[in-house]
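Asker: In numbering that gives the first Met the number 0, the protein residues as written are 0 to 169.
Heads up, some of the hints might be wrong.
Claimed, not checked - Pairs of lysine-lysine, DSBU-like flavour, derived with a Cα cap of 35 angstroms: (1) K22 / K147; (2) K16 / K30; (3) K16 / K147; (4) K30 / K147; (5) K26 / K162; (6) K30 / K79; (7) K16 / K158; (8) K119 / K32; (9) K26 / K16; (10) K26 / K158; (11) K79 / K16; (12) K119 / K147; (13) K32 / K147; (14) K30 / K119; (15) K162 / K32; (16) K32 / K169; (17) K79 / K22; (18) K22 / K158; (19) K69 / K146; (20) K26 / K119; (21) K22 / K69; (22) K119 / K22; (23) K162 / K79; (24) K16 / K162.
Don't read these hints as lab results, they were simulated from the structure.
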Amino acid sequence: MIQIAIAGSSDTEPLPKAVEKTKEFIKELAKYKDTVVLLTGGRGGIMEIASREFARFGGLVVGILPERQKGNEFNTIRIKTGMDFAERSAIMINSADVLVVLGGGIGTMVEALMAYDYSKVLVVVTDTGYPSDRLELLASNGYFDHKKLVQVHFTKSGKEAAKLALELAK
């Protein structure tokens, strides 16, 4: 099984562009639901939209939750870590073959940088309207820093992000 994690805003009303790209991403990813597990932070916003859509297509969703939160209703499996948000994110990222950033603020950007630091394959969807779009400015040469731990891949397309994630996970 390929384990694809997502990072995205927990806003109760996520930005429309990010929602559209998330649905596009999941629609493409769902074609491979028998070989892919979706890992999320298990909460609301973009995470809930992705979870709902993937579950609707029959996919397995694992919510890796901070503290002892219940998370959204679309988590097939809930892992209540008892840990704070950053510690929870470390578990999710270390468990993933790929992290896909679907648009968000500081928490999402921290997860992207954490994935880079762990040398995890990283795909960032841009043009979402969220601050995470600016991650592309940090990686003008394809890397977040001089260490060149792992190439960061950018795309404006949710569909292309799914294809890249699947291809790079192998």
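Asker: All the hints need checking, so say for each whether the structure fits it.
Answerer: So, going through the hints one by one against the coordinates:
no., hint, result
1, K22 / K147, "holds, 31 angstroms"
2, K16 / K30, "holds, 22 angstroms"
3, K16 / K147, "holds, 30 angstroms"
4, K30 / K147, "holds, 32 angstroms"
5, K26 / K162, "holds, 11 angstroms"
6, K30 / K79, "holds, 28 angstroms"
7, K16 / K158, "holds, 14 angstroms"
8, K119 / K32, "holds, 21 angstroms"
9, K26 / K16, "holds, 15 angstroms"
10, K26 / K158, "holds, 8 angstroms"
11, K79 / K16, "holds, 30 angstroms"
12, K119 / K147, "holds, 12 angstroms"
13, K32 / K147, "holds, 32 angstroms"
14, K30 / K119, "holds, 23 angstroms"
15, K162 / K32, "holds, 13 angstroms"
16, K32 / K169, "holds, 16 angstroms"
17, K79 / K22, "holds, 26 angstroms"
18, K22 / K158, "holds, 9 angstroms"
19, K69 / K146, "violated, 38 angstroms"
20, K26 / K119, "holds, 23 angstroms"
21, K22 / K69, "holds, 23 angstroms"
22, K119 / K22, "holds, 23 angstroms"
23, K162 / K79, "holds, 30 angstroms"
24, K16 / K162, "holds, 19 angstroms"
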